[in-house]
Amino acid sequence: MYITQLEIDNFKSFARKTKIPFFEGFTVVSGPNGSGKSNIIDSILFVLALSGARGLRAEKLTDLINVNSGKNTAEVTVTFSDGTTIRRRIKRTATGYYSYNYLNNRLCKQSDVIGFLAKIGIKPEGYNVVMQGDITRIMEMSDTERRKIIDEIAGVAEFDHKREQAFSELEVVRERLEREEILLNELVARLDALQHEREQAVEYRRWQDKLEHLGQCRGAALVRKKEQEIGTLHDLAHDQQAALERNAGEVEALAASIEEARGRQQAVDEEINRKSGPEYLELVGRLEEARGAIKLGEKTIERLKVSRDENLEAVQRVYMDSKRAEAKVEECAGQIRNLSIDRANLAMELSAQRDQLAAVEARIASESKEVEGIKDQLFERLQDLESKKELRAKILREQDIFIEKSRMRTSERERLDARIQQVEEELANKQAQVADYSSCMADCEAQKRQIERGLSEAESTLFARRSALDRLKKEIRENEQSLMRLEAQQQAHGDAGGKAMDVVLGMEGVHGTVAQLGRAPPEYATALDVAAMGRLRWVIVDTDAVASDAIRYLKENRLGRVTFLPLNKLRPPILSPLEADPGIVGYAVDLLEFDPAFDRAFRVVFGAAVVVDTLERARRLMGRYKMVTLDGDFVERSGAMTGGSQGKKIRGFGVAVDDEIMRVRATLAGLEAEAGEIEASIGRLAVAAEAKRAERSAVDEQVARYRMLVDEFQKRTEVLAGERQTLGEALQALLESAQTGGEELARLEADLERTAGEITRLSAEVDGLKKKLDDTEVPALTEQYEQLRKAVEDIERRLRNKDADITDAKRERQHFANRIEELALERSRLETKNREIDGEITATGEQIEGQRRLIGELEARQKEFSNELTGLHEERDRILEEIRVLDQRSLELSAVTERIRMQIDALDERERSLLAELAVLREQAGDVETDLDLDVIDVGIAEAERALKKIGAVNMLAIEECDRVAARVEERTEKKEVLSRERMMLLERIEKYEKMKYDAFMTAFTAIDENFRDIFARLTDGSGKLILDNEDNPFSGGMTFAVQPRDKKVHLLSSLSGGEKSLTTLAFIFSIQQYMPAPFYALDEVDMFLDGSNVGRIAGMMNELSGNAQSIIVSLRKPMIERADRIVGVTIRPDKSTYVTGVQNNG
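Quick note: the sequence shown uses the working numbering, first residue 0, plus one each step.
Derived by calculation from the structure, the hints in this document are not laboratory data.
One should not assume that every hint holds.
[To be verified] Result set (DSS-like, lysine-lysine): computed pairs, CA atoms no more than 25 Å apart in a straight line:
hint : residue 1 : residue 2
1    : K18       : K568
2    : K832      : K714
3    : K59       : K108
4    : K322      : K298
5    : K161      : K991
6    : K209      : K948
7    : K118      : K90
8    : K16       : K59
9    : K568      : K209
10   : K59       : K429
11   : K18       : K1135
12   : K387      : K770
13   : K809      : K322
14   : K304      : K832
15   : K388      : K801
16   : K147      : K122
17   : K122      : K108
18   : K327      : K1024
19   : K1135     : K90
20   : K789      : K387
21   : K801      : K387
22   : K18       : K70
23   : K70       : K1135
24   : K832      : K298
25   : K801      : K789
26   : K327      : K304
27   : K18       : K90
28   : K147      : K1024
All figures in this text were calculated on a predicted structure; none of them were measured in a lab.
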C-alpha cells in the first residue's frame, strides 16, 4: 500500500486547493528555496497525526492555516493505493480552534487514525517520515537520549508499566501481611486470657449448684404460704357475684331505648341517600364541564394575546424598515440633486469648450485658403470621425444600460427564485401541518367520546359504592359501640402469662406488673394503653437488689427476660406545666388511677406523654410534646406518627379479654376491612372520575387548539398559494425580458465592432491629411483643435457618466419606494390580523362570561340541594346525640358492672396465678421438703450469692471460646503463609519483567546494529557499529556510534565532520526503517549537509529501498534528482502561495 494522491487546501503556503499525484517507486520533490516544498512533507505529518504543531515548525496548530487567503480552515487529504482516505481539517475560531479527523470520509478520533496506521507499519517511532531537523536532532542528542530511541522501538515502556503494576501489588500484599501478623498476635494474647477465665468458671459452677439447692428449699416454704392465700380469695369472689346480678335489669331497659333511636336514624339516612342521587351527580358534572370550558377559554385568550404581541413586534419591525427605506429615498434624492448640479456645471463647461473649438476651427479656415481642398477633406474626415466616436459612445452607453439591466434582472431573478423556494417550502410545511392537526383533532374527538362513556360508568359505580359504604358504616358504628362498652371497662391488669412472669410475681418485694397496678378510666383506656406501649408488662419491685435477684434467677434457670422498675432507684422526669389548650386532656400519668406508693414507677412508664383529644390537635402541637390521642394515635416529638386500626386485642388498662370481646373484635375487623376496601374503591373511583373530567377538559382544550391551528394554517396556505402564483408570473416576465435584452445586447456589440472599424479607418485618413499640412500653420491649429476636441469629448464623457449616476440613483430611489409600498402592505396585513385576533378575544371573553353565568345558575341549584341535605344531616346529628347520651348511660352502667366483673375476674385470675405459682413452686421444690423458715433459707442464699458476687462476672463459655480462638489462630497462620507465597511470586514476576525488558531491547538493538553495519558499509565503503555504554545493563547508560569511514581511523560520532555525522545518522535511520518496515517513506532535504558523492550514495540507497516501499524525498541536489523515478516540481506564485508545476517521469 502506498500514497496515490495528496490533496492540500489552505495549509501553510498552499493557499489554493492543490492535488499532487504520487506513484510507486522513488519520487523527488524539488523547487526553489522558500517555494514550500517542505510543506508537502509537513502536510503528510499533519494528516497522519505523526507530529504535533512544533514538529511542523509552528507554535500552534492554527499557525498552519494560510494567512493570506482570508479563510479560517486548512485541510489535507491523503489517498492510499487500496482506496483508503485519511483527511484532517483544522478550523480557527474566536476562542481557539477545532480539529477534525476523517477515516474513509467518516468522522473519527485521532487515536483511530493512529491505530489504523500502526496496523500497516506507520508509527511515530518508526522514522518513516524524516524532517530536516531530525538529522540534526539525532546528531546533537546525548548518548542516553539516543539509546531511548531503541527503548521506544523495543516497547520498553510497556514492561516498565507492568513492573510498576507488580510493585503496586507487592505493596498491597505487604500491607495485608502486616495486618495478618497484627491480628495473629492479638488472637494469641486472647487465647492466653481465656485460660484464666476457664479456671474461674469451674469455681463459679460449684457455688451455683449450692444456690440451686437452697432455691428448692425456698420453693417448698412458699408452697405453704400460697395455699393459705387461695382460701381467702374464695370468700371475696362470692360477695362480688351478688352485686353483679343487681345491675343486669337496668342495662336491658337502656338497650331498648337505644334501638328505637337507631330506627329513626336509619330513616333519615335513607332520605339523605335519596337526595344524593344521580341528579346531584349530573349537576356536579355540568359544573365541572363549565369550569373546564372557562379554563380552556382563558388559555385561548392568553395564546391569542401572545400572537397579537408577536404581530405588534412585527409591525414595529416593519415600521423601522419603512423608516430606513424612507431615509434611503431621501438620501437618493439628495444624491440626485448633487449630481444634477454637477451635470449643469459640466454642461456650462462643455459650452465654453465648444466655443473655443469653433474659434480654432475659424482660424484654421482663414490660414489655409491655399490648401482649401486638403483642409476641407481634413475637416470632413474629422467631422466624420467625431460623428463615429459619438456613435460609439452612444452604443457604449446603451450597452452599459443593458448590462446594468441584465445585472438587475439577475439579482431580481435570484431574489424571486429564493422567495419562490421559501414559499413552496412553507406551503408544503403548512399543508402537512393542516393534515397532521386535522388528524389529531379527529383522534381527540374520538378520545373525548370514549372518556365520556368511561366517566358515566365511573359515576354510576361510584354512587352504588357510596350507598353500600353508608350501610356498612352504620353496621360498623353499632359494633364499635358494643366494643366501646367492653373496652371501656377492660380489666386493669395485663396478661401476666408466661413462666418467667409467674415466677417473678411470686417473689418477695415484687408488687406486680404495670397493667395490674393501674386502673384507667374508660374514656382514657385506649390512650393510656398506647402511651404505656410495651411497658405494660414491666414489673414494679421495692429495690434494685430484688430486681437483681430476680434477673439472676431467670438467667440461671433460663426462664426468659423481664423488665423491672426498682422504686428506690427510679429517676422520673420532671413535668413542666402544660399550655392552656382545650384539646389537651393532660399528662397520661395524671389520668391513671394507682397507689401513690408507685408514683415514681408510673411516671417513668409514661414519661412526658400527653393525651390530646384528636389527631388534628396533635398535628398542630407537633414538636412540642410526645402525644397520644383518645383514639390511640401516637405522635412523637420528632414528628413520627403511628396510628390506624388495631387488628390485635389490647391487653392493658381496663380490657376484659374474654370470648365476647374476641367475637366483637373479629366481626368489627371484618367490617372495617370490607369498609376499607369499599372506601379504597370509592377513592379510586373518585380519583378516576376526577381524572376523566380533567382528561376530558384537556382533550377539549386540545381540540380547540387544533381547530384554531388548522384554521390559521389554512388561511396562511391560501395566502402562500396566491403569493406563489404572483411570483411565478413575475419570474416568467423577467425571463422573457432577459431573452429580449440578450438579443439587443448582441446587436449592440455588432454595431460597436463595426463603428470601431470605421473609426480606425477615419483616423488613418486624418493622419495622412495632417502630414500634407505640416508646412503650414494649419497643423498647429489642427493640434490645438484636436486638444480642444478631446477636452470636449472628456467633458461629454463625464456628462454621460453623471447622467448614468443620476439614472442609477433614480432607479435605487424607485426600488426603495417600491419597498416602502411592500412594507405598507405587510403592516396593513399584520394590523388586519390583530383586529381579527381582537375579535376572537372578545368572542372568547363573551363565551367565558356565558359559562360563568351558567356556573352561577348551577351553583344556585347546588345550594338548594345542599340546604336540603344540611337539614337532614342536622336531624341525623340530633338523633346521634340522643343515641350517644343513651350509650353513655349504658356505658356507665356497664362500667359499674364491668368493674364488679373485673374484680371477680381479678380474683379468679389471682387464684389461677396462685395455682400456677404453686405448680411452679412445687416443681421448683421437687421432692425436697423442709421445715426451715424463709429467713434461714434466705441467709444461705445470700451467702452463696456473695460468693458468686466475689468471683464476679464469669465467662461460662470460656472452654468453647478457647477452641474457637485456637481455630482462628490456625486460620490466620495459614493466611499469613499464603500471603508470603504471593509476595515471593510477585518478586519473581518483577524479575521476569526486567529480563523480558532486557531481551526486547537487545533484540531490537542487535537487529538495528546489524542493519547499521551493512548500510554504513554500503554508504561509505567503511565499517561502523552501534556501541552501548553498558551491555549488561544498557538502561543505565547511553548509546553511540563507532565508525571507520574508508581510509580513516575508528571514530565516535562526536569526532566526525558534519557530513560524516549526517551520513552516519542517515545510516542509523535507514537501519531503523529496515527493522520497522513501512509502506512508504518521506524525507525532507536530508542530503543538505552531504557532498555530491555522498548524495549519490544516498540516492542509490533510496532507489534500492523504493523497490519494496514508496519513497518520497524533498531535495535540491542533482544526484538525487537524477536517480529519481519521478520529479514533482514546486514553485511560488506572485501572491507567495505554493504552486505545483507538475509531475515528470524521469525517463
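Checked hints:
no. : hint            : verdict
1   : K18 with K568   : 103 Å, violated
2   : K832 with K714  : 11 Å, holds
3   : K59 with K108   : 19 Å, holds
4   : K322 with K298  : 36 Å, violated
5   : K161 with K991  : 10 Å, holds
6   : K209 with K948  : 14 Å, holds
7   : K118 with K90   : 29 Å, violated
8   : K16 with K59    : 22 Å, holds
9   : K568 with K209  : 30 Å, violated
10  : K59 with K429   : 50 Å, violated
11  : K18 with K1135  : 18 Å, holds
12  : K387 with K770  : 22 Å, holds
13  : K809 with K322  : 19 Å, holds
14  : K304 with K832  : 12 Å, holds
15  : K388 with K801  : 19 Å, holds
16  : K147 with K122  : 16 Å, holds
17  : K122 with K108  : 17 Å, holds
18  : K327 with K1024 : 84 Å, violated
19  : K1135 with K90  : 22 Å, holds
20  : K789 with K387  : 14 Å, holds
21  : K801 with K387  : 22 Å, holds
22  : K18 with K70    : 19 Å, holds
23  : K70 with K1135  : 16 Å, holds
24  : K832 with K298  : 19 Å, holds
25  : K801 with K789  : 18 Å, holds
26  : K327 with K304  : 34 Å, violated
27  : K18 with K90    : 20 Å, holds
28  : K147 with K1024 : 17 Å, holds
In the structure shown, a violation is registered for the earlier hints numbered 1, 4, 7, 9, 10, 18 and 26, in ascending order.
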